[in-house]
Amino acid sequence: MTSLINQTAAALAGLLADGSVSSVDVTRAHLDHIDAVEPDVHAFLHVARDAALATAARVDARRAAGEKLGPLAGVPIAIKDVLATHDMPTTSGSKILQGWIPPYDATVVRRIRDADLIPLGKTNMDEFAMGSSTEHSAYGPTHNPWDLDRIPGGSGGGSAAAVAAFEAPLALGSDTGGSIRQPAAVTGSVGVKPTYGGVSRYGAIALASSLDQVGPVTRTVLDAALLHDVIGGHDPLDSTSLTDAWPSMAAAAQAGLADGALKGVRIGVIKELNGAGFQAGVKQRFEETLALLSAAGAIVSEVSAPNFEYAVSAYYLILPAEASSNLARFDSVRFGIRVNPEDGPLTSERVMAATRDAGFGDEVKRRIILGTYALSAGYYDAYYGSAQKVRTLIQRDFAAAFDKVDLLVSPTAPTTAFKFGEKTEDPMAMYLNDITTIPANLAGIPGMSLPMGLAPEDGLPVGLQVMAPARADARLYTFGAAVEQLLEAHWGHTLLSQAPALANIEMFATEGGAV
Amino acid sequence: MAKAELMDYDKALELFEPVLGFEVHVELNTKTKMFCGCANEFGSGANTNTCPTCLGLPGGLPQVNRQAIESSIRLGLALGCEIAETSRFARKNYFYPDTAKNFQTSQYDEPIAFNGQLTIELESGRQVTVDIERAHMEDDAGKLTHMGGAAGRIQGADYSLVDYNRGGVPLVEIVTQMIEGGEADSPEIGKTYVAAIREIVKALGVSNARMEEGNVRCDANVSLRPRGSNILGTRTETKNVNSLRSVERAVRYEIQRQAALLTAGGTITQETRHWHEDTGVTSAGRPKSDADDYRYFPEPDLVPVAPSRAWVEELRATLPEPPAARRKRLQADWGFVNLEFQDVVNSDLLDVLEATIAAGAPAQSARKWWTGEIARLANAAGVTAESLVTPAQVAALIELITDGTLTDRLARQVLEGVIAGEGTPSEVVASRGLAVVSDDGPLIAAIDEALAGQPDVLAKIRDGKVQAAGAVIGAVMKAMRGQADAARVRELVLERAGSAPVESAPSESVE
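Chains as they are written, first to last, in full-length UniProt numbering: chain A, 1 to 515; chain B, 1 to 511.
Hints listed in this document are in silico derivations from the structure and should not be mistaken for laboratory results. Careful: at least some of the hints might be erroneous.
Listed below are the simulated DSSO-like cross-link pairs for lysine-lysine, each with C-alpha atoms no more than 27 Å apart in a straight line [what the hints assert, rightly or not]:
| # | chain 1 | residue 1 | chain 2 | residue 2 |
| --- | --- | --- | --- | --- |
| 1 | B | Lys92 | A | Lys365 |
| 2 | A | Lys365 | A | Lys423 |
| 3 | B | Lys239 | B | Lys11 |
| 4 | A | Lys271 | A | Lys404 |
| 5 | B | Lys239 | B | Lys202 |
| 6 | B | Lys92 | A | Lys389 |
Each pair of labels, with its calculated beta carbon distance range [unchecked claim]:
| # | chain 1 | residue 1 | chain 2 | residue 2 | range |
| --- | --- | --- | --- | --- | --- |
| 7 | B | Arg309 | A | Thr347 | 48 to 54 Å |
| 8 | B | Gln177 | A | His234 | 53 to 59 Å |
| 9 | A | Ala255 | B | Ala317 | 18 to 24 Å |
| 10 | A | Arg366 | B | Glu180 | 45 to 51 Å |
| 11 | B | Glu23 | A | Leu346 | 30 to 36 Å |
| 12 | A | Asp403 | B | Arg326 | 56 to 62 Å |
| 13 | B | Glu180 | A | Leu346 | 44 to 50 Å |
Computed, partial: chain A to chain B, Cβ under 10 Å [what the hints assert, rightly or not]:
| # | residue |
| --- | --- |
| 14 | Ser325 |
| 15 | Leu327 |
| 16 | Leu346 |
| 17 | Ala353 |
| 18 | Ile369 |
| 19 | Leu370 |
| 20 | Gly371 |
| 21 | Leu375 |
| 22 | Tyr431 |
Note that beta-carbon positions come from the ideal geometry of N, C-alpha and C, so glycine has one too.
With the sequences and hints as input, model every part of the structure.
Structural data, given as structure tokens:
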């Protein structure tokens, strides 16, 4: 059944709908593949084999009984461990939540269950989504399927690696400063950060409330759109959730496949996200993609976003500030591990301190300290207050740019996947890796990353980031699907078909030439 | 508790000017909590009214309770406040096990209501206007119970239990400006101010306003300024003073304690203090400095609250008559003297009295019954007077007295029947057969029988000793089991004495 794992979610949905395959077969194929590659990849923190097969069997039975099911019914999905699941441990990659099973489902999890998708398990991530490499997971890093010595990006490296390694056709991620898009870029997959408020955050363990957004992680733009349609839309449990009536993202993606979909589309290249510090192969693939877009009738121009240079600084004040408060609840009183101090009296304050000392990793502690400092009396205006002003300036930069163009593009990340340990000793270098993705979070606008080739110097995937105005997520999907089609036609194959076979696995025949 | 040195109160006031400030927390009586759909209910099983949001579980998010916003706006309006066009929640960050999220969702620089005024009247008639700085919304903490150790105190406890049912209950915190010039009246100002707040929230119907259940809690700030100085003294904040009398006592105590300490060359520590109802003293809590850093920042999980002006005006139109004005009006309408009226107010019977009078009862009778017999029965049963009978029932009872169906004594029996659930006063009269006997026949028979036992009475009456009739009336009332109109019996006895002499009857043998 190996062929089943190579299918897109859309294709699997078709096979399931016409009865060619059962959900149990599809689910088992993925579970078997998970068993085979996990020792190398470690994308999952928890695999719910029995529950997944049981759910698949129920969906098959209902389909057999003639029940009308949703478009993705029976298709397996992996869930980032940041999302609360009532039947699986939810740790957010942290030791402090080891073994914790929430009494409830996140809204997005409830929605995928209601749509009859099959949860396969929970995927690895940097602890509390703090990081760009999954090296900060308390449960060990995830390995990039393209090169097991390299990072899969972060924080959602688990979800990205899971889809890139064909362990799941779909995954859920969360993106606070690039945690969906950057892993997608470095693993050759597709990831979308929706408009802030477009997808419910209820049940997503908060990192930075004003920046976090849940979104799809897939191998194709259409699959991402199909998943977006399932998880998106207003949720009264999230007060920041938009009440808009959203168009079908899947229909928007389909529209992108039409001839001439790129004709006349105004594309802005952000000057500030295309200069020094970008790897040569990344820049090369980006230029080539722009050339292809122009050839396809898109109007490519350069736009400036002068305040982006302050984005990383502002982000690393706002994020730690909100995180320091969001993470205060991890105190051992109601859930999670409890650690008593080794000596001295057992007061609640001392137990909280001992638990947090033992339960949080260094990066989490670093950011809590940063955030606590930034919010302190006397520093608030200089740090948090100024950062919020930068945020407003960045929003204005975007507004000005979107006056001139329909979409903005940049490389998703300055570099391809780096090696383990390369940046763990240098937090600033790690932080700067997010320079391209952070502005979209600060402005609340939607962003997508899709593959645009392999860097010639290292043969590793390079991602194209596309950004649209707030609420114009559909525009991203139309354009993304068109670009994906354009590039694949140019290459003659999908990017992920070029990924090396993982140890002992005969995945599929490699075909086609160099990308 | 070691008793601190206290200075004589008058002496303290000679040397210092008290400066006050109050923070009153009002628990709103909304159906659900401030930021989630859990029941806002007192007395449920521990941790039964909880959900991921109010338990502060990972992933929980707040949703604002519209009713709580409405109540807060109405309260703000009743305190003469301006209502913010846009108001924001903020996180107040501090670690404590009863605070599930380890931050309180409160308001900081953008409260829902601000710049109000409340004029209170002291017993002397002195009017004091208290400036209200702000009234802001926030969520309540859970409740800690310390197990083991002494008297439920945290010191020496073996462990503590947390009940998060109260966690997330909506509160409005009303903060006054500094109150200066209170002088010797300062303790009474504290008591009267809190009483006025309590009365307002009750009249608005936004809180159950039971201080004993913590619906209204007062933190009292007291500092002393040496006479002739314009520098404010260091303040203490006595927390959770939970009765009106305690507010008065705690303020007085702090004035006397601080005065003694300052005069002895000591300094006041800026701190919270605990009020001990039993011993009547305050004790040191935790140090509290102005530099206390709660790292407030706008709550990113909530959008600003921006009540439309139209809505605010709609709510303004629902405000009841201010309690102080209402009291003035009712006292005048009812013609009660101060003492009578205070009795009603202090017994918390204003509403039922008004309803009883509205149902047709004369004001004095209504007052007499509610503050008398009904209050006595309620007191004995340990319940509130209004939980025993309705104003309509009391009005009906009074009506039966007025029309002569019942005497006061019979009416008391009818009241017992009504309280016992036997029906309306008329139904109880019928079922218990308690009506006054208005037919003269049985009365005359009873009189004759009584006169037979006291043969000299008629003669005494004829001799002008009319009071001798009392003995016969008493005997008749007793024989009639109270179901006679004593005035009518008297008339009949006197009639009898005036008309015919009576032969002495054979005396009954007495064992």
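So, going through the hints one by one against the coordinates:
1. B:Lys92 to A:Lys365: Since the Cα atoms of Lys92 (chain B) and Lys365 (chain A) sit roughly 20 Å apart, the hinted pair holds (cutoff 27 Å).
2. A:Lys365 to A:Lys423: holds (18 Å)
3. B:Lys239 to B:Lys11: Satisfied, since the Cα-Cα distance of roughly 26 Å is no more than 27 Å.
4. A:Lys271 to A:Lys404: Between Lys271 (chain A) and Lys404 (chain A) the Cα gap is close to 14 Å, so the pair holds against 27 Å.
5. B:Lys239 to B:Lys202: holds (22 Å)
6. B:Lys92 to A:Lys389: The given pair, whose Cα atoms are some 22 Å apart, holds under the 27 Å limit.
7. B:Arg309 to A:Thr347: 48 to 54 Å: At 50 Å between Cβs, range holds.
8. B:Gln177 to A:His234: 53 to 59 Å: Cβ of Gln177 (chain B) to Cβ of His234 (chain A): about 42 Å, so the range 53 to 59 Å is violated.
9. A:Ala255 to B:Ala317: 18 to 24 Å: violated (52 Å)
10. A:Arg366 to B:Glu180: 45 to 51 Å: Roughly 48 Å apart at Cβ, these two residues keep to the hinted range, so it holds.
11. B:Glu23 to A:Leu346: 30 to 36 Å: holds (32 Å)
12. A:Asp403 to B:Arg326: 56 to 62 Å: holds (60 Å)
13. B:Glu180 to A:Leu346: 44 to 50 Å: This hint holds: roughly 46 Å between Cβ atoms.
14. Ser325: Since chain B brings a Cβ to about 5 Å from Ser325 (chain A), closer than 10 Å, the hint holds.
15. Leu327: holds (9 Å)
16. Leu346: It holds, given that the least Cβ distance between Leu346 (chain A) and chain B is near 9 Å, below 10 Å.
17. Ala353: holds (9 Å)
18. Ile369: Given a least distance of 12 Å, the restraint on Ile369 (chain A) is violated.
19. Leu370: Where the cut-off is 10 Å and the nearest Cβ of chain B is about 13 Å from Leu370 (chain A), the hint is violated.
20. Gly371: holds (9 Å)
21. Leu375: holds (4 Å)
22. Tyr431: For Tyr431 (chain A), the interface hint is violated, since the closest Cβ of chain B sits about 21 Å away, which is over 10 Å.
The structure is inconsistent with the numbered hints 8, 9, 18, 19 and 22, although it conforms to all the rest.
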